[in-house]
Amino acid sequence: MQQPKNTKYRKAHKGRIHGKAKGGSTLNFGAYGLKAIAPGRVTAREIEAGRRAITRHMKRAGKVWIRIFPDVPVSTKPAEVRMGKGKGAPEYWVCRVKPGRMMFEVDGVSREVAEEAFRLAAAKLRVKTKTVTRMGDGG
Amino acid sequence: MSNIITINAETRQNQGKGASRSLRREGKIPAVIYGGDKAPSHVSIESRKFDKEYKQSGFFSRLFDIELDGKKVRVLPRDVQLDPVTDKPLHIDFLLFVEGAKISVDVAVNFIGEDVCVGLKRGGVLNIVRRSVELLCPVESIPDMIELDIANSDIGDSLHISQIILPDGVSPTITDRDFTIATIAAPTVMVEEDSATGEEDEETEKLADSASSNDTEGESANSSNED
Numbered sequence: 001m002q003q004p005k006n007t008k009y010r011k012a013h014k015g016r017i018h019g020k021a022k023g024g025s026t027l028n029f030g031a032y033g034l035k036a037i038a039p040g041r042v043t044a045r046e047i048e049a050g051r052r053a054i055t056r057h058m059k060r061a062g063k064v065w066i067r068i069f070p071d072v073p074v075s076t077k078p079a080e081v082r083m084g085k086g087k088g089a090p091e092y093w094v095c096r097v098k099p100g101r102m103m104f105e106v107d108g109v110s111r112e113v114a115e116e117a118f119r120l121a122a123a124k125l126r127v128k129t130k131t132v133t134r135m136g137d138g139g
Numbered sequence: 140m141s142n143i144i145t146i147n148a149e150t151r152q153n154q155g156k157g158a159s160r161s162l163r164r165e166g167k168i169p170a171v172i173y174g175g176d177k178a179p180s181h182v183s184i185e186s187r188k189f190d191k192e193y194k195q196s197g198f199f200s201r202l203f204d205i206e207l208d209g210k211k212v213r214v215l216p217r218d219v220q221l222d223p224v225t226d227k228p229l230h231i232d233f234l235l236f237v238e239g240a241k242i243s244v245d246v247a248v249n250f251i252g253e254d255v256c257v258g259l260k261r262g263g264v265l266n267i268v269r270r271s272v273e274l275l276c277p278v279e280s281i282p283d284m285i286e287l288d289i290a291n292s293d294i295g296d297s298l299h300i301s302q303i304i305l306p307d308g309v310s311p312t313i314t315d316r317d318f319t320i321a322t323i324a325a326p327t328v329m330v331e332e333d334s335a336t337g338e339e340d341e342e343t344e345k346l347a348d349s350a351s352s353n354d355t356e357g358e359s360a361n362s363s364n365e366d
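Those protein sequence lines, which keep their order, are chains V and E. Using the numbering used here, you'd call the opening residue of the first sequence number 1 and step up by one each time. Using the numbering used here, you'd call the opening residue of the second sequence number 140 and step up by one each time.
Keep in mind that the hints were calculated from the coordinates and are not lab data. Be careful, since some hints might not be right.
Calculated cross-link-like contacts (lysine to aspartate or glutamate; reagent style EDC-like; alpha-carbon spacing at most 20 Å) [said to hold, decoys possible]:
hint : chain 1 : residue 1 : chain 2 : residue 2
1    : V       : 20        : E       : 222
2    : V       : 20        : E       : 226
3    : V       : 130       : E       : 307
4    : E       : 241       : E       : 165
Not everything, but these chain V residues come out facing chain E in the computed CB check (under 8 Å) [as the list claims (entries may be wrong)]:
hint : residue
5    : 21
6    : 37
7    : 61
8    : 62
9    : 100
10   : 132
No residue lacks a Cβ here, since even glycine has one placed at the ideal position from N, Cα and C.
Let the hints inform the model, and build the full structure from the sequences given.
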């Protein structure tokens with residue numbers, strides 16, 4: 001699973017996800033991509049599950065790029081603990097994804113294989129997605 | 140150079156985001172034509188006609204004729220702004236064709252010989268570093284695409300700009316180095332996953348074995364009870 005090696009601060013504010021993606025919204029590496037069309041906090045587990053789904057379906061042919069990184073720590077309070085007494089301990093890492101963000105890219109496989117791999121990966125993610133194809137490849 | 144396609148355009152009276160948004164609602168795309176000695180002109184074009192052309196490869200290295208107020212102007216597309224979610228064009232920049240001028244254009248690279256490539260047959264992946272190359276060329280002779288033969292390339296090989304024969308008068312804008320266009324990379328191998336799946340498989344096998352042995356024991360116990 002992806003997570004930062006070291007961070008400036010241990011805990012982060014929850015924050016809100018506003019607007020559309022400003023960058024990282026085009027295909028930069030592969031011929032096919034999985035793009036988010038809704039906002040959400042995608043966890044490191046989901047990213048890893050998506051990556052595994054893609055590589056397994058592609059039978060380790062081709063190449064996969066992950067275009068998002070979970071750099072926001074999410075803290076939770078233990079069970080049966082009263083409110084207050086400070087913020088809970090960091091539990092997992094998330095990536096704040098805005099609509100339009102390219103999440104995965106693949107290359108070196110056919111369109112059918114890429115689309116099926118992305119369909120399987122999208123089932124692991126909490127955000128709505130769509131598959132995009134590089135311009136000139138009929139997309 | 141392939142045949143030049145004509146796109147109809149209308150002059151825009153109002154500029155700004157409000158006017159542009161109303162244009163988009165009508166199925167048009169705001170655009171600007173600039174270059175030469177003339178002042179830039181703000182126009183709008185039909186999105187349906189434009190989308191068809193835009194989806195074809197080599198769009199930014201093809202010349203177009205824009206019919207504006209009964210006159211035809213020759214242009215080269217320079218930039219297209221896209222909506223990040225829908226990927227629909229929001230605005231287009233066209234550069235006015237000026238005869239005799241030399242311009243830098245991104246020309247698409249076409250890879251040939253993928254079917255017979257030694258490296259790809261061995262399971263390698265064509266890792267494209269540059270899908271297009273910035274070339275300095277006369278406006279009259281912009282190549283549609285440049286071809287790179289990868290038939291004899293093996294895993295680990297790099298393909299550079301020096302391996303491409305460019306037309307006369309055309310040169311790459313990067314001249315200080317022999318830059319890479321593509322490499323034949325080894326396929327993605329997940330060593331951790333191998334061991335993890337192996338362990339998982341072993342575990343599931345063990346579980347299955349124990350379950351089957353339990354079943355047989357249960358059956359034997361049942362049978363003994365019946366007896």
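Structure-based check of all given hints:
no., hint, result
1, V/20 / E/222, "9 Å, holds"
2, V/20 / E/226, "12 Å, holds"
3, V/130 / E/307, "43 Å, violated"
4, E/241 / E/165, "37 Å, violated"
5, 21, "5 Å, holds"
6, 37, "6 Å, holds"
7, 61, "6 Å, holds"
8, 62, "6 Å, holds"
9, 100, "3 Å, holds"
10, 132, "7 Å, holds"
The structure shown violates the earlier hints numbered 3, 4.
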